[in-house]
Amino acid sequence: MTTENVIFHAEKVTKVYPGTVALQEVDFNIYPGKVNVLIGENGAGKSTLMKILAGVEYPTSGTLLLDGKPITVRSPRDAARHGIGIIYQELNLYPNLSVSENIFMAHELVTAVGTIRESEQQRITRELLERLELDVEPKTLVGDLRIGQQQIIEIAKALAQNVRILIMDEPTSALSNTEVEVLFRIIRELKAQNVSIVYISHKLDELLQIGDYFTVLRDGLLVAEAPASAVSLNWIVEKMVGRRPEALFHRSEHAATRDLLRVDNLSLPRSGGGLIVDHVSFSVRSGEILGIYGLMGAGRTELLESLIGLHPEASGSIWLDGTALTNRDDIRTRIRKGLALIPEDRQLRGLVQKQSVAHNITLASLSRFLNRFYLSSGKERSGVDQEVGELRIKVSDVANLVTSLSGGNQQKVVVGKSLLTEPKVLMMDEPTRGIDVAAKGEIFEIMNQLALKGLAVVFVTSELKEVLAMADRVLVMAKGCITAEFNRSELSQEAIVAASVRTLEEVSA
Amino acid sequence: MSQAKSMTVRSTAKKPDIRRDPRMLFLQLRTLIALFILVVIFSFTAPSFLTTGNLIILVKQLAINAILGIGMTFVILTGGIDLSVGSIVGICGMIAGGLINEGLILPIFGVSIFFNIPIVILLTLLVGMLIGMLNGIVITRFNVTPFIATLGMLYLARGGALLRSNGATFPNLVGLEALGNTGFPLIGTGTILNLPYPIWLMIVFAIIATFVALKTPFGRQVYAVGGNERAAELSGVRVNRVKVYVYMISGFCAAVVGLILTSQLVAAHPATGTNYELNAIAVVVLGGTSLNGGRGTIFGTIVGAFVIGVLNNGMVLIGLSEFVQVAITGFVIILAVVIDQFQQRLQRQLVLQQATSQVVEQAQVKGGAAD
Chain U
1 MTTENVIFHA EKVTKVYPGT VALQEVDFNI YPGKVNVLIG ENGAGKSTLM
51 KILAGVEYPT SGTLLLDGKP ITVRSPRDAA RHGIGIIYQE LNLYPNLSVS
101 ENIFMAHELV TAVGTIRESE QQRITRELLE RLELDVEPKT LVGDLRIGQQ
151 QIIEIAKALA QNVRILIMDE PTSALSNTEV EVLFRIIREL KAQNVSIVYI
201 SHKLDELLQI GDYFTVLRDG LLVAEAPASA VSLNWIVEKM VGRRPEALFH
251 RSEHAATRDL LRVDNLSLPR SGGGLIVDHV SFSVRSGEIL GIYGLMGAGR
301 TELLESLIGL HPEASGSIWL DGTALTNRDD IRTRIRKGLA LIPEDRQLRG
351 LVQKQSVAHN ITLASLSRFL NRFYLSSGKE RSGVDQEVGE LRIKVSDVAN
401 LVTSLSGGNQ QKVVVGKSLL TEPKVLMMDE PTRGIDVAAK GEIFEIMNQL
451 ALKGLAVVFV TSELKEVLAM ADRVLVMAKG CITAEFNRSE LSQEAIVAAS
501 VRTLEEVSA
Chain Z
1 MSQAKSMTVR STAKKPDIRR DPRMLFLQLR TLIALFILVV IFSFTAPSFL
51 TTGNLIILVK QLAINAILGI GMTFVILTGG IDLSVGSIVG ICGMIAGGLI
101 NEGLILPIFG VSIFFNIPIV ILLTLLVGML IGMLNGIVIT RFNVTPFIAT
151 LGMLYLARGG ALLRSNGATF PNLVGLEALG NTGFPLIGTG TILNLPYPIW
201 LMIVFAIIAT FVALKTPFGR QVYAVGGNER AAELSGVRVN RVKVYVYMIS
251 GFCAAVVGLI LTSQLVAAHP ATGTNYELNA IAVVVLGGTS LNGGRGTIFG
301 TIVGAFVIGV LNNGMVLIGL SEFVQVAITG FVIILAVVID QFQQRLQRQL
351 VLQQATSQVV EQAQVKGGAA D
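Chains U and Z, in that order, give the protein sequences. As numbered in the working numbering, residues 1 to 509 make up the first sequence, in order. As numbered in the working numbering, residues 1 to 371 make up the second sequence, in order.
A hint or two may mislead.
Stated by the list, open to error - In silico DSS-like pairs for lysine-lysine, Cα to Cα no more than 30 Å straight-line:
(1) U/Lys337 / Z/Lys215
(2) U/Lys453 / U/Lys379
(3) U/Lys424 / Z/Lys215
(4) U/Lys12 / U/Lys203
(5) U/Lys453 / U/Lys465
(6) Z/Lys215 / U/Lys394
(7) U/Lys379 / Z/Lys215
By construction, these hints were calculated from the structure, which means they are not laboratory data.
Only chain U is shown next, with the shape it has when bound in the complex:
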């Protein structure tokens, strides 16, 4: 591979995390003044690669070359010194500080005696904002700006440090269509100023519109690199998913019978006003696998959280196996009645990291293991063994800390915890996030088995091939509403994607 016209080259970069190889000997190029698109499914290694470039993570092996010279990037400060800037999906701004204070945070312009040169900072901020065509006073508090405007402040922050390489992680996930247009115009201008962009997104149509070079990662390996002229939607999907996606899952036919869960007009207010879940109604039957597809921020997670009782302020009616749930039913009561949720963020909401595998598995159903009033080790042990065996959790000793397991096995621990509560309806939020391909297959097999046993399985995903492969029925969510429903026979990739980006007004229009 020629490296003459490459500004940055990552050579044979490998990153090993406990339990998983996130990147394996990946070669990655950044072309100067171009939009370098990085694609891959969740867990493919995109974010790891990005963190290595930004100095947040350090590669286990491999070298980074900037202008052909090896560099070490051990901290975000190092990265900044080399002209590498990053804009995370979750914005890293201080809402309590002004625009100019945010832009110069930790790089303040100071006088000889160490005080901040306020007016100089504001002058430069004004220039930057003009360049980005954002009509905002430098003294405005960042918290008073719209999300789209805050995103542009992030860009201004990077530009203030004279970035040569700007990494953008899902920059459009929170933006409106007009704001996306503005962002794309800014990106084109940055290209003209010879800034190299690394652009990461799930929105394939956007990528085709803005990308110049495409790099595809799959399961920690680099599978393809090509210029935009050689790239099409089919090419991306084929490279991302691999040749035979359906081979992973062996789906059984499910005979769906009676309604186990019925939801009517469920709404959840958003903290900043409006509704994050907007009058959602649906039902799931026994033995059915219902897929809920939607982009991030569509309200899917909040929908499931409202059902399990995490948001008592939610309104609407929920019937579980014929009986109505009230707002007074808390999470414990709902679990007792047969609901279970496997949360999206395993580390944040699924596991107690300081506890053993066994204690994590039994946490939600401790009352089942009582002898009079104390926990019987024997009963607990057999409950744990049952799940470890059924779900094939690979663990040498269930007394080991749960964090010693790989991602896939950790996820199975969370699944096992839910199954011990003997649910009727199992809700799974992005059940395959951050686990390897083999474990994904196993998780799907488990869902399959549960449906065959007569459970209703509801799963949320942002991966098309998962809904296509697994769901008996698909609901598509966008902006808090259900915008489409498909039976298995009418499923098509195009229709699902189309429904996920439109709003309800567009549907009814």
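Starting from the structure of chain U, add chain Z where the hints point.
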């Protein structure tokens, strides 16, 4: 399937158990080892240290910290803190003293009701639990951080103790035969098998608390709340209720200590228990309980109380000045936490090493299969 099984077995056989790594074992038992070393040193340097009389006094004194520490352990396991225990000790002593000397005064009727000692004890314990419940409610319902809520209660309860008698002491709490409320001094001075009641109370509480922590759903939930509150909540743990209960336990333990001290002095003084919350936190931390919650044991706390107790007693016996004693105690507490951090880091390292070697091995197996 059988292939996968044999692979698992092989990798288990290869990797050493982290918990049995000698370095980890040493670090985990460090407080016990420190206690042992202290005992050996003082037995040689202070001839009167290992006498039965001294040992009984020693344990009787440290029982106070141990009992407070037991309650504090539950609070700290949930990731909270209870700064109000010293003041609860004070106010509970005053309530018991007042009930014995003045009775429950009913101004409307112009009479006082005197209770017998078991009822006095019961009422005092109820007051301690009630104050703990208030702590818990302020923390969970009104979203006040435990530090601030219990700091406020530290002042509030101390104020209450002072107001009860306008700052005066309730002296000579022996009761009157005619009122049927004699026998209060027995709590502090009575013995079973030559051991004073406070020692027995400590032993009984330690056993019950260990059982509750390890063998009941409540105990498991305490650890879960401290380990990951959000995961516990989604698992159906009633987090707020668990938190209220731990502050009630802490309040209960403080009330018991209030009764013991008042009984030993045969007098209730409103300043009793000042700064005891700091001793309680110190023994808990010394016992290896993490201030972040989710990790720690009752046994550790008891050992921590013994270390502080032996240290203080021994230093007095070998004639160290009180000022040196205070400084050394502080040094020991900081050292304990530094070593604890070291242990945590070593454990993380060992887990990482193990996991990495496993993954690399698997990748090699995979690669080998592909070749």
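Of the hints stated earlier, which fail here?
As far as the earlier hints go, not one is violated by this structure.
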